[in-house]
Every structure is written in structure tokens, then in C-alpha cells.
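So the protein lines, in turn, are chains A and B.
All letters in the first sequence, in the order written, are residues 36 to 237 by the working numbering.
All letters in the second sequence, in the order written, are residues 36 to 237 by the working numbering.
For the record, the hints were derived by calculation from the structure and aren't laboratory data.
A hint or two may mislead.
Identical copies look the same in the list; a pair holds intra-copy or inter-copy alike.
Okay, derived cross-link-like pairs now, DSS-like style, lysine-lysine, Cα gap no bigger than 27 Å in a straight line [what the hints assert, rightly or not]:
{"hint": "1", "residue 1": "143", "residue 2": "102"}
{"hint": "2", "residue 1": "143", "residue 2": "108"}
{"hint": "3", "residue 1": "102", "residue 2": "57"}
{"hint": "4", "residue 1": "102", "residue 2": "124"}
{"hint": "5", "residue 1": "102", "residue 2": "189"}
{"hint": "6", "residue 1": "57", "residue 2": "189"}
{"hint": "7", "residue 1": "143", "residue 2": "124"}
Remember, predicted model here, so these are calculated numbers, not experimental data.
Read off the chains here:
2 protein chains.
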Amino acid sequence: MLLNLNMAELLNPHIQPVELAKAYRLLNHGPTVLVSAQHEQEANVMTAAWACALELVPAKVSVVLDKSTKTRKLIEGSGYFALQVPTLKQIELVQALGSISQFDDPAKLEHCHTPLFHFDGFNLPMVEGCAAWLICELIPEPHNQQVHDLFIGKVVAAYADDRVFRDGHWYYHEADPSWKSVHHVAGGHYYTIGDAVDANKS
Amino acid sequence: MLLNLNMAELLNPHIQPVELAKAYRLLNHGPTVLVSAQHEQEANVMTAAWACALELVPAKVSVVLDKSTKTRKLIEGSGYFALQVPTLKQIELVQALGSISQFDDPAKLEHCHTPLFHFDGFNLPMVEGCAAWLICELIPEPHNQQVHDLFIGKVVAAYADDRVFRDGHWYYHEADPSWKSVHHVAGGHYYTIGDAVDANKS
Numbered sequence: 036m037l038l039n040l041n042m043a044e045l046l047n048p049h050i051q052p053v054e055l056a057k058a059y060r061l062l063n064h065g066p067t068v069l070v071s072a073q074h075e076q077e078a079n080v081m082t083a084a085w086a087c088a089l090e091l092v093p094a095k096v097s098v099v100l101d102k103s104t105k106t107r108k109l110i111e112g113s114g115y116f117a118l119q120v121p122t123l124k125q126i127e128l129v130q131a132l133g134s135i136s137q138f139d140d141p142a143k144l145e146h147c148h149t150p151l152f153h154f155d156g157f158n159l160p161m162v163e164g165c166a167a168w169l170i171c172e173l174i175p176e177p178h179n180q181q182v183h184d185l186f187i188g189k190v191v192a193a194y195a196d197d198r199v200f201r202d203g204h205w206y207y208h209e210a211d212p213s214w215k216s217v218h219h220v221a222g223g224h225y226y227t228i229g230d231a232v233d234a235n236k237s
Numbered sequence: 036m037l038l039n040l041n042m043a044e045l046l047n048p049h050i051q052p053v054e055l056a057k058a059y060r061l062l063n064h065g066p067t068v069l070v071s072a073q074h075e076q077e078a079n080v081m082t083a084a085w086a087c088a089l090e091l092v093p094a095k096v097s098v099v100l101d102k103s104t105k106t107r108k109l110i111e112g113s114g115y116f117a118l119q120v121p122t123l124k125q126i127e128l129v130q131a132l133g134s135i136s137q138f139d140d141p142a143k144l145e146h147c148h149t150p151l152f153h154f155d156g157f158n159l160p161m162v163e164g165c166a167a168w169l170i171c172e173l174i175p176e177p178h179n180q181q182v183h184d185l186f187i188g189k190v191v192a193a194y195a196d197d198r199v200f201r202d203g204h205w206y207y208h209e210a211d212p213s214w215k216s217v218h219h220v221a222g223g224h225y226y227t228i229g230d231a232v233d234a235n236k237s
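Okay, chain A solo, but in the shape it has when bound (with noise of 0.2 Å):
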């Protein structure tokens, strides 16, 4: 099932935007995230845990895809992809979407029970009960995509949950602990986000 945003705000009320200029702080504490990738009427979501903010202002990211993706090549052939912060409640979902290739499983949402949404104006399969999406515009880069698998896009829209990021700030101190990102180490063990600690004490 696609929404646009006005039914996905319908639906969700607490989607709301992020400022670009911050938008580097959703990935900062390093989640692994959802990629997602449309390319007329091929769409899918892959789990990558290299994903990384590479410039604050334009906010620009990068995400290693192996060239045995298929989100790879959906990317590779619109030019548009989107970063996700998935949730501890997520963690089945995130565990699938990185095991099975849409190559061997052309209906891997569905068996994946994915839930989708579209923002307005941009035709990327978004995965609802996400803790923020990062719409990104790939820049092309032969040498890094080809010789790296690695993609850089300059992100020109940014959405969160404001009941987990809001003003700029995450409170996954304050939200209920299936908020929490989830941080793969290898194999489908994962660690979740922890405590909040601030230095600048002394």
C-alpha cells in the first residue's frame, strides 16, 4: 500500500520535517539503516550498515551497496535513493530485508510484510514505523560506485518522528525503548542505542 505524505500525515501526525543543515545527526550515532530504491515500476529496501553523513552543509551521505544489489542497480537507474533510521521494533524486518535479495525474491517486500508509504514528490518506497527518512539525489561517481560501491547523495529531504527526534535532537532517553536504532555488529546481532551521556562536564 502507497500514501503520499498527505496520507501518510493523515496517518502518521508525527512525520515531520528536518531541518537539512541537521539533517547529518540522524545518522551520526551510526544506525543501520533501510535503502530504498525506485526505478519505474521496480521497487525495493535493503538493510546497509555502512552508511555514513559525509558533509554537513549541502547535508550529503554515503552508503556502501555491494554490486550484487538490487537496490543498487534501481539507484543506479533513477538516481534517487533514501536512507531510513529503522527501530528495535523493526528488527525482524531490518534482519530480512538484509538477507534476502530481490534478485532471488522478485516479491521480497511483500514477503517481507514490508509496510510502504511515498512521500509527495518523490517516487522511493518508504518503510512506515521508521524513526526518520533522508531523501537523497545520488551524485554520480564512477570511481567510488565502481571501484568502492560507494555511493554518495546529497540529501534534499529529511523527515523524523517527532516522538523520537524533534528540534533537532533525538530522545531515545525519553522515548519507549522500541524506538531505539539498532546498530548490526554481524550475523543478526545487533546492539540497540543506549543512554544518553553528555561530556563538556569539567
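Chain B: place on chain A using the hints.
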């Protein structure tokens, strides 16, 4: 005070080599890292949140280093750097090393009370008390370095403290909480890594 590995091992027998094929696991959960570099007689350490694994075998990493940093100049001079995974008990050091530039304070490392040692064979100032250390040979890429401030390195040696990482796995969930990695969001606000959670239960 700089010690070689033999001396370091005498002081800390918990420092153990990590198989290079598993070195990515040291960074996979997205911790904020310390970046070390030395060129001729000049040594520095800085904090970076934008570091990421880039390839499994041969193990490669990426790290974003602003043109304003002294550490970047040292890496450009020597062709080597190290990424280190600091711990909660080092959070004030992490914050200080990320707030002060050696261009402004040539005695930054002393003023930050940075405890250093050397691994034998590498002329790099390593920070005592970290959970892991990755020694990297710069893969020179002028475009990435100039346009994206992105530095890519091949991991040539990796070590971890076996009280928190051993047999290719993190043990944050069993170790004392002071060993937890720290994940910077912005302005001295961090989250620690949290609880272990496994997917694939279904």
C-alpha cells in the same frame, strides 16, 4: 610517553590482534572514533564521528577529515592513520580531542592528558584505554580527499582489548559499562551503545 607493542603488552596483556577479515566488526556498530596520525616529529589525535567500514576483504575503512584539521595534514604527509574505538570512561578525552585543534594549541595532546603508546612497526600515536585499534595505510584518492574530505585506508593491522572484543565479537553486554562505545550526536551530546539483541528468532 610512547611505548612499543612489547612494552604495551607488558602493561596491558589484554591487547590482542584481530583477524583482518573481521576488522569491520570493530566499526560496524557506528561508534565515534579517535583518529591518530604522525608525520616525522609531529603527532596528533582527533575525534571523528564520520568513520565507516568500506570493504570486508581486503579490509578498508573511510573517514571524513575536514581541511581545517592538523591530523589530515599529517596523514597526507605520512600515508598512514589509525582509527580507535574509545569507551565511555574516555568521554571527556573524546570530547576534548574533538574540540581543540592542534593548529590552535600545539601542545593539544599534553593538554588533553592523552595517554599514548606505539604498536611495534608503526609510527603512530595510539591512545591507551581504547577498546580497539585499526592501523590503516592511506589509499591516496585526490578527488575524494579534496572534494569530499573523504580518506580511504586499507587496514594493515587491528587490535582489540579482549575484555570487550574477542573471537570476532563484541562483549559490551557482559563487560563493565565503562567499556561501552560512545556515539556522538552533536554539541557534546552522546549516546552509549546499549543492549545486545539478536534477530532471526522467527
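Checked hints:
no.: 1; hint: 143 <-> 102; verdict: within (18 Å within a copy, 43 Å between copies)
no.: 2; hint: 143 <-> 108; verdict: within (16 Å within a copy, 47 Å between copies)
no.: 3; hint: 102 <-> 57; verdict: between (31 Å within a copy, 21 Å between copies)
no.: 4; hint: 102 <-> 124; verdict: neither (29 Å within a copy, 40 Å between copies)
no.: 5; hint: 102 <-> 189; verdict: both (21 Å within a copy, 20 Å between copies)
no.: 6; hint: 57 <-> 189; verdict: within (13 Å within a copy, 31 Å between copies)
no.: 7; hint: 143 <-> 124; verdict: within (20 Å within a copy, 43 Å between copies)
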